[in-house]
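J.: Now for the letters of each chain:
There are 2 protein chains.
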Amino acid sequence: MGQDLPLLLSAALGKKVNRPPVWMMRQAGRYMKIYRDLRERYPSFRERSENPELSYEISMQPFHAFKPDGVILFSDILTPLPGMGINFEIIESKGPIIEDPIRNLNQIENLKELNPSESLSFVGQVLSSLKKDVNNEATVLGFVGAPWTLAAYVVEGKSSKNYSLIKSMAFKEPGLLHKLLDHFAKSIGEYLKYQIKSGAQVVQIFDSWAGQLSPEDYDIFAGPYQKKVVDIVKAEHPETPVILYISGSAGVIERMAKTGIDIISLDWTVDIEEACKRIPSGIGIQGNVDPGILFGNKESIKERIDNTFNKTKDRKYILNLGHGILPGTPEENAQTFFEHGKKLTY
Amino acid sequence: MGQDLPLLLSAALGKKVNRPPVWMMRQAGRYMKIYRDLRERYPSFRERSENPELSYEISMQPFHAFKPDGVILFSDILTPLPGMGINFEIIESKGPIIEDPIRNLNQIENLKELNPSESLSFVGQVLSSLKKDVNNEATVLGFVGAPWTLAAYVVEGKSSKNYSLIKSMAFKEPGLLHKLLDHFAKSIGEYLKYQIKSGAQVVQIFDSWAGQLSPEDYDIFAGPYQKKVVDIVKAEHPETPVILYISGSAGVIERMAKTGIDIISLDWTVDIEEACKRIPSGIGIQGNVDPGILFGNKESIKERIDNTFNKTKDRKYILNLGHGILPGTPEENAQTFFEHGKKLTY
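Sequence lines, in order, name chains A and B.
Just remember that this note's numbering sits 434 ahead of the position in the first sequence, which is counted from 1.
Just remember that this note's numbering sits 434 ahead of the position in the second sequence, which is counted from 1.
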């Protein structure tokens, strides 16, 4: 069963597999020396993520190093913004800066609908190259940011600690925010479809900042727009597995399960055994391993992987971290994570 | 029933009250103009929190402005550190800097046992003045940081994003970390007893960073040391209510309930109705209101308070935010929070 499909895709589709697939969020990046070397030559993040040769090369770095079961596009959740008329820059160690933060109706009404094949053709190019070259030895993953998280960026104008600007908008001018969220949902849905057509076999939606919402606000500003994105994708690609990740999601995992996604990617702040009970059995689970464990040693890493795996044996499970791998992680510890992960068996 | 006791203390003791008491975490601070003015004259945070006249004056600012049901000592969770031989400075907008971060056994073995009446007499002075002057029109609260959170500060050396240094110690040299946590638990227990003897009628333990631990690590590095602090306090003051707060606690609230505390202070990322089901009925609940709601308007603030209160009617409940009030919060919105909170009735 599923012998013709790569392991991660098979598992995500619910087919019987011999071991859980393994990949890492943010598996290409700063913790790899080869990436830091390339960054010296190409210091602009936007160039690295928007020049198709560079994005392709970086996407493949962890594949060459560790042979993970998933190869994810090297890109950023903000990459589609310029195609909607929102310009941004990423300043090393400071994060993204939105050129002209979105604060009023006029700005929202002037946003362009995203035409991915026009403004994001470099992404299509990278995904089709990855699909061809990875050649089903791994599964190619695409990804997007969810509407709430994109809205938080463009309203705040930068990485925020307190989200006071977008919350002010949410509580004072909810109609304005809903217009923005709706625009993003449609555009992001189109963008995911474009990624799938270009080669992505599994896609992940990051609503990184939805964990900053109370569950009552999640039901108004995050959940419905996650669902809208999923509905747009599933209407055309019902068979493509969709993963949803939220950082700080322990209070809303039941809600995540109701958005039409196939797999919930858990952070590490919830016991995966309890999460399995709270999430309907048809929905798969990914992640949950504290990325901080990779600052330990081989023994602690292996033990944590085993503990996590043992709690998920009767579930569809994809081994992953509970958050992106952290800068400063020793590469040999990432190696251990992949090596040990591949030794697991059902 | 409880007529002689202030409202918050009565409610915390489980006595029948006519309305939930209301106070705010970090209710004295940057959002108040009177505090910012004082800060101009006394720019050193350590001076403001360690000079008993200033600490007293600041503690009383919100009492004069809003008449909350609780008056909490103006201090910092790091304040006891110098009494253990760990020096620190707080740099405005950058947070605390530990002079000589704790990284090895020798440093841990050289830590002094805290003698609060010697090194923290200014805290005793402030609490006894507050107790006298507040005169049971409100309840006087003391507080401490829990061992894990203090350890995270002194090992990382500053506010951390990823906690890679303390996690490295936890996973590679757990014995070392346990020694440090044990030292803090004993000292912090003594410090709380000193606060109670000096005038604190209710005390709150902040394990602000325990939400960064997976539940499995929480059970090793956070929970047992919270419990140890509580045991030390309860041995001498079984009647003093103890509140426990953790930021990002949605995945561990059942565990918090097992530490011997009386009241769990919830952040806003969990539905309080679900939390009430997960927490044994004998344990009280505090908080849960998103501090971001105070960037909304009067109507949204009142509605949120009502929604929260309505979900807790059969529980011991203390109205509070789910986190400290945020810098930049309009003072009139804090006013609305207190005013509306005091209009609730059982």
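Please note that a few of the clues may not be correct.
Treat identical chains as interchangeable: a pair holds within one or across any two.
Unchecked claim - Pairs of lysine-lysine, DSBU-like flavour, derived with a Cα cap of 30 Å:
| no. | residue 1 | residue 2 |
| --- | --- | --- |
| 1 | 565 | 592 |
| 2 | 747 | 592 |
| 3 | 736 | 613 |
| 4 | 736 | 747 |
| 5 | 627 | 736 |
| 6 | 777 | 661 |
| 7 | 732 | 776 |
| 8 | 606 | 467 |
| 9 | 528 | 747 |
| 10 | 592 | 776 |
| 11 | 776 | 565 |
| 12 | 595 | 566 |
| 13 | 565 | 668 |
| 14 | 777 | 745 |
| 15 | 668 | 631 |
| 16 | 776 | 501 |
Worth flagging that the hints you see were computed from the coordinates, not collected in a lab.
Since the structure is predicted, the reported quantities are computational estimates derived from the model, not experimental observations.
J.: Within a copy, between copies, both or neither: which one fits residue 732 and residue 776 at a CA-CA cutoff of 30 Å?
T.: Answer is within: at 15 Å inside a copy they meet the 30 Å cutoff, but 55 Å across does not.
J.: Are the CA atoms of residue 595 and residue 566 at most 30 Å apart within a copy, between copies, both, or neither?
T.: neither (41 Å within a copy, 38 Å between copies)
J.: Could you place residue 668 and residue 631 in one of the four classes (within, between, both, neither) given a Cα distance threshold of 30 Å?
T.: Answer is within: at 13 Å inside a copy they meet the 30 Å cutoff, but 63 Å across does not.
J.: Classify it for me, residue 736 with residue 747: is the Cα-Cα distance of at most 30 Å met within a copy, between copies, both or neither?
T.: within (17 Å within a copy, 46 Å between copies)
J.: If the cut is 30 Å between Cα atoms, do residue 736 and residue 613 qualify within a copy, between copies, both or neither?
T.: Only across copies: residue 736 and residue 613 sit 25 Å apart there, 47 Å inside one copy, limit 30 Å.
J.: Within, between, both or neither: how does the pair residue 528, residue 747 come out at a Cα-Cα threshold of 30 Å?
T.: Neither: 40 Å inside a copy, 45 Å across copies.
J.: Between the shortest in-copy and the shortest cross-copy C-alpha distance, which are at most 30 Å for residue 776 and residue 565: within, between, both, or neither?
T.: Answer is within: at 22 Å inside a copy they meet the 30 Å cutoff, but 62 Å across does not.
J.: Up to 30 Å between alpha-carbons, please classify residue 776 paired with residue 501: within, between, both or neither.
T.: within (10 Å within a copy, 61 Å between copies)
J.: If the cut is 30 Å between Cα atoms, do residue 565 and residue 592 qualify within a copy, between copies, both or neither?
T.: For residue 565 and residue 592, neither the intra-copy (33 Å) nor the inter-copy (44 Å) Cα distance is at most 30 Å.
J.: Please work out whether the CA atoms of residue 592 and residue 776 approach to 30 Å or closer within one copy, between two copies, in both situations, or in neither?
T.: neither (38 Å within a copy, 37 Å between copies)
J.: Indicate which option fits the pair residue 747, residue 592 if close means a Cα-Cα distance not exceeding 30 Å: within, between, both or neither.
T.: neither (41 Å within a copy, 40 Å between copies)
J.: Up to 30 Å between alpha-carbons, please classify residue 606 paired with residue 467: within, between, both or neither.
T.: between (47 Å within a copy, 23 Å between copies)
Of the numbered hints stated above, those contradicted by the structure are hints 1, 2, 5, 6, 9, 10 and 12, listed in ascending order.
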